[in-house]
Structure formats: C-alpha cells, structure tokens
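Peer 1: Chain residues, written in single-letter form:
Number of protein chains: 2
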Amino acid sequence: MFGLIGKMRAARGQRDAVIDVLRETTGALPGCLSYIVATDPADADAIWVTEVWTDQASHKASLQLPQVQAAIAKARPFIAGFEFQVETHPVGGVGLPASEKS
Amino acid sequence: MFGLIGKMRAARGQRDAVIDVLRETTGALPGCLSYIVATDPADADAIWVTEVWTDQASHKASLQLPQVQAAIAKARPFIAGFEFQVETHPVGGVGLPASEKS
Numbered sequence: 001m002f003g004l005i006g007k008m009r010a011a012r013g014q015r016d017a018v019i020d021v022l023r024e025t026t027g028a029l030p031g032c033l034s035y036i037v038a039t040d041p042a043d044a045d046a047i048w049v050t051e052v053w054t055d056q057a058s059h060k061a062s063l064q065l066p067q068v069q070a071a072i073a074k075a076r077p078f079i080a081g082f083e084f085q086v087e088t089h090p091v092g093g094v095g096l097p098a099s100e101k102s
Numbered sequence: 001m002f003g004l005i006g007k008m009r010a011a012r013g014q015r016d017a018v019i020d021v022l023r024e025t026t027g028a029l030p031g032c033l034s035y036i037v038a039t040d041p042a043d044a045d046a047i048w049v050t051e052v053w054t055d056q057a058s059h060k061a062s063l064q065l066p067q068v069q070a071a072i073a074k075a076r077p078f079i080a081g082f083e084f085q086v087e088t089h090p091v092g093g094v095g096l097p098a099s100e101k102s
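Chains V and L are the protein sequences, given in the same order.
For the first sequence, my numbering assigns the number 102 to the last residue and increments by one with no breaks.
For the second sequence, my numbering assigns the number 102 to the last residue and increments by one with no breaks.
Accuracy of the hints is not assured; some may be wrong.
[To be verified] Lysine-lysine pairs mimicking DSBU-like chemistry, simulated, CA-CA at most 30 Å apart:
#: 1; chain 1: V; residue 1: Lys7; chain 2: L; residue 2: Lys7
#: 2; chain 1: L; residue 1: Lys60; chain 2: V; residue 2: Lys7
#: 3; chain 1: L; residue 1: Lys60; chain 2: L; residue 2: Lys74
#: 4; chain 1: V; residue 1: Lys7; chain 2: V; residue 2: Lys60
#: 5; chain 1: V; residue 1: Lys60; chain 2: L; residue 2: Lys74
Because the hints were derived from the structure by calculation, they are not lab data.
Note that this is a predicted model, so its numbers are computed, not measured.
Same shape as in the complex, but just chain V (with noise of 0.2 Å):
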C-alpha cells in the first residue's frame, strides 16, 4: 500500500471551503482505500489529509481524472501553500477494506 500524511493551509478563513471541495470528490476513486480530512485545534487554518492507496500508481492516476482535476481548479484559490508531506507504506490496521488486511 501506498500513503500520504499531509498537512495543508487554506487562505485565511477558507478552511471549510477547501474541506468541503475535498470531501466531495474523494467518494469512490479507484485504489483509493482511506482518505480522511481533518481540522487542527491548534491551527485554524491547517487541513490534515491521512490517505491510503493500493499502491502508488493508484494515486498518480487519481490526479488525472476529470473529477479531480476539477476539485483541483476549485479549491486552488482557497489554498495558501502544503507545510508538511510525507510519504509512507501503510502496513496495516483498523479502517482498511479486510482485502488489503494483512
């Protein structure tokens, strides 16, 4: 599996706008096995993405769909700048469909 840990900021006061974008489009992309959107209590500004993917290429082609190049164009304007990405290899756990449990 493939993953990503990453913490956006969205322009002042457009945090939800961005959410909203985000959790519209994420609903059903192909290999997409966990994509949670979350707010910071200590940053109004931030957004933390936690995803999980079947494997890499899974991701890079979810960034070409129609759907998501969309969303992209939409929230762009509300998003001041990515603070913090990293990848990993999630290896498990609670959340997963039971296909991808280990």
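Chain V is already provided as a structure; the job is to place chain L on it using the hints.
Peer 2: For chain L alone, kept in the frame of chain V given last:
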C-alpha cells in the same frame, strides 16, 4: 471525532517487532474507527500511526484496557522515542464507518 497523527522511532532493527505489537492490539478497541500503521520509506526505524476515534474519551479509555497496557509493556523495550504527534479533529472522508460520515 478525535484523531492523532504520530511518528515513533523503534530501537535500531526493532521496527517490525513494534509493528507486530501494534497490529495485534488494535483489532477491536471501543471507539476506534481507524488505526493505520505505516513504515517510512525514507527512515528505516520510523513508524507512522494515524488514528481516528469517536471522541477523545474513547482514546483515553483505550489506554487503560488490559490488552493495551500489556501491549505497551511488550513494545516499550523496542521503542526509542516519539518524534512527532499532532492531535486532529477528523471531519470525514473515505475509510470511516458509514455512521461517522457527515
């Protein structure tokens, strides 16, 4: 919902031993919606854990469960330290039980 994103460092060469303990323990903890364990391709002794709980009280209570206390005791000799931890407030996404999606 209550979330945690954390990075722990295993003692040299003990990463997989720690992961085994984490995965054995988190199967069915009350209030645990997601608990994903991942390795870090850029850091051989690192373990990333991303957690989602129904609320902070569920997470706190889990630390007192006998199986969790036993796991902490079992893993402690293999853990060198905790390098990063952020508390989040998950608001939704893919990979959470349907009842928690809002």
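Peer 1: Taking 30 Å as the top limit, are the C-alpha atoms of Lys60 (chain L) and Lys7 (chain V) close enough?
Peer 2: 25 Å, holds
Peer 1: Would you mind confirming whether the straight-line C-alpha gap from Lys60 (chain V) to Lys74 (chain L) stays at or under 30 Å?
Peer 2: 38 Å, violated
Peer 1: Lys7 (chain V) and Lys7 (chain L) were given as a pair; does the straight-line alpha-carbon distance stay at or below 30 Å?
Peer 2: 15 Å, holds
Peer 1: Taken at face value, is the distance from the CA of Lys74 (chain L) to the CA of Lys60 (chain L) at most 30 Å?
Peer 2: It holds: about 19 Å lies between the C-alpha atoms, which stays within 30 Å.
Peer 1: Are Lys7 (chain V) and Lys60 (chain V) close enough, with their CA atoms no more than 30 Å apart?
Peer 2: 19 Å, holds
Violated hint for the displayed structure: number 5, the only one.
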